[in-house]
Amino acid sequence: MAQVTFEKIRKVYPDGTVAVKELSLEIPDGELMVFVGPSGCGKTTALRMVAGLEQISGGEIRIGDEVVNNLPPRERDIAMVFQNYALYPHKSVYENLSFPLKLRKMEKSEIDRRVQRIAQILELEEQLPRRPRQLSGGQRQRVAMGRAMIREPQVYLMDEPLSNLDAKLRTQMRAEIGLLHKEIGVTTIYVTHDQVEAMTLGERVAVMRKGELQQVASPQELYTHPANLFVAGFIGSPAMNFFEGKIEVVDDGLMVAFGDGQRLRVDDAERDFAPVLAGTAGASVIVGVRPEHLEDAALIPETPSDRRLRGLVRLRELLGSEMVVHFEVEAAPVMTAETREIAADVDASTLTELDHMRSNRRTSFVGRFGVATQAVEGTVAEIAVSAGSLRFFDPSTGARITT
Amino acid sequence: MRKSRDQARVRTVEGSPFHVGRLLRWVVVIVWLAFLIVPLYWVAVASIKPQEDLLTSPPVWWPDNPTSIHFDQALNKFNGWKGLKNSLLIAFTTTIFAVIIGTAAAYSMARFRTGGKHLSFWFLSQRILPPIAIVIPIFLLFSRYSEEWFGIRLIDTQAGLIMLYTVFALPFTVWMMYAYFRQMPVELEEAALVDGCSRIQALVKIAWPLAAPGVISAAAFAFIFAWTEFLFAVVLARTEAVTLPVALAGMVTSFQGNLYGEASALTMVSLIPSLMLGILVQRHLVRGLTLGAVRG
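If you read the protein sequences in the order shown, they are chains A and B. Sequential numbering of the first sequence, starting at 3, is according to the working numbering. Sequential numbering of the second sequence, starting at 167, is according to the working numbering.
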């Protein structure tokens, strides 16, 4: 077991593409660190540099105290799970599992003992004589996990190990990986583009974008105090709602004004998170609020009038436990590189919609309402904004306005 | 399932209860096979016909008293044994060189992008050149300059032909193996590296076994090419390095008249390795070929 240190790591491909710029990060011994970000953000490249499958253009990677920059993969004492599993098709499950041990010239009886034990943990005993192509997707995934686990390495590297599984199996395997990590406690770097996976698995999560580290923090911290617009929009599903507003100083505090003269009070908690907010009075800011912090005001009548906004209800999606309501608010939508990238990550049509909204100066909101909501499609509803839920971002840098 | 659908289609489209489509298919297949098999049958029978049955009209379809004299004559009296030995030696050695060099080159191109994007096609494009275009320079090189410049005699030697055939067989071998390595997920070798292999071990333990079907197809092609090559052999091999095709051709045109029986016998002998190879690699050949076709 060992800690993994990235020190000013850079990766530049021969064609000049910068995949990773100046990544500095320390992963303490035994931690499960998740790298998350949209495709092309450099997360997989960073992982492959730890594995030794990618040359490091600059900086230093250390496993334990040893600089591994120039060590071949086999001397780094790591194990890796690949996205496509990379099981050896010409070897049986038994041979796949025992391959790393055989290469280390381990004794036959010990190999056999370990293979049987891993097979038992992963419920693969009956599959041992089979070839990978005879296995189901879930079984293949488990063999890939087993081949990594069998060697008891210092560090596990997992490159989107669940992305080829269907949704149900993915949830199940996600939980299994979480449990296994708790049991074994080996330092693990887990790469995914799925923010739900990142949030549920990671002890800490590193959000990356275009080769740059955006924020490293616990999932809760990322969710509550995102460092910038990108992290705020990327973490959480459905994504945080953003709109343009203007800070106004009133006698007893701050208000944020937007669109057709609507105003929301900035409450004490929100001001505590952003003490310098008052200084931005008059300038426009980007306001973010999560769908779960919006509610049909009719369901909470005690909501003060200055914590309500009006929106035209467009669509109701009943999910059983909640009602996802899409509505439009008279406010300028936010169109920055970050929000465009997040939208493009969801799908291209969201982008067109965003452009369309911009020209109409309306912003599409999503709220997670109680199922009792009486909001009717096509009518204007009053929406309550929960206390302490507004986040403010600098429109020029995208950074959250803090101190 | 398939059958019933065919029937249904014939009935509705043709409006006829006969299986016209299937009948037609059989006719085509039989005519096609006749073109392939009748000449082969002719040669096979001619190789065991006594001399007097060879040129009769109407032809003798099956001799009353088959003989093995043609085989004996062809192998012992004319250049048969020599040609067979030379051909086996040249074809086998060529195959081994072509496969080893070709696989290594293809692997390097597929994994390390050696030579950039277009090198593999450049290799293949050499096959577009009509071989006859270079017969004369090659002949001069082999007969005169190799000795003058390098002190090596290449004309009429097995080594000379092996060298030449390896060069000719390489483009196809490289191209085929390149397609093979390209479709093999690179993660397999990466997994091997992480699991504890050196680069060479990853190649030997993982890439090589997985490429085996491709290697076998490539080997079969190299062998068949070297086994059947005639043009360069007839120009470059006069007495010592004569190959089977050259020996065979020598019989038809020799001053003793056309030795149809002996030629047929030697043809039968020359078919044996091809046939054995065909049976042996049939399964891999199809896969190797389709891979090349789709992934080239």
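Source of the hints: derived by calculation from the structure; they are not laboratory data. Think of the CB as a built atom: it goes at the ideal place given N, C-alpha and C, for glycine as much as any other residue. Misleading hints may appear alongside valid ones.
[As the list claims (entries may be wrong)] Only some residues are given here: those of chain A computed to face chain B with a beta carbon under 8 Å:
id	residue
1	LEU55
2	ILE58
3	GLY60
4	PHE84
**Request:** If any of the earlier hints don't hold here, list their numbers in rising order.
**Result:** 2, 3
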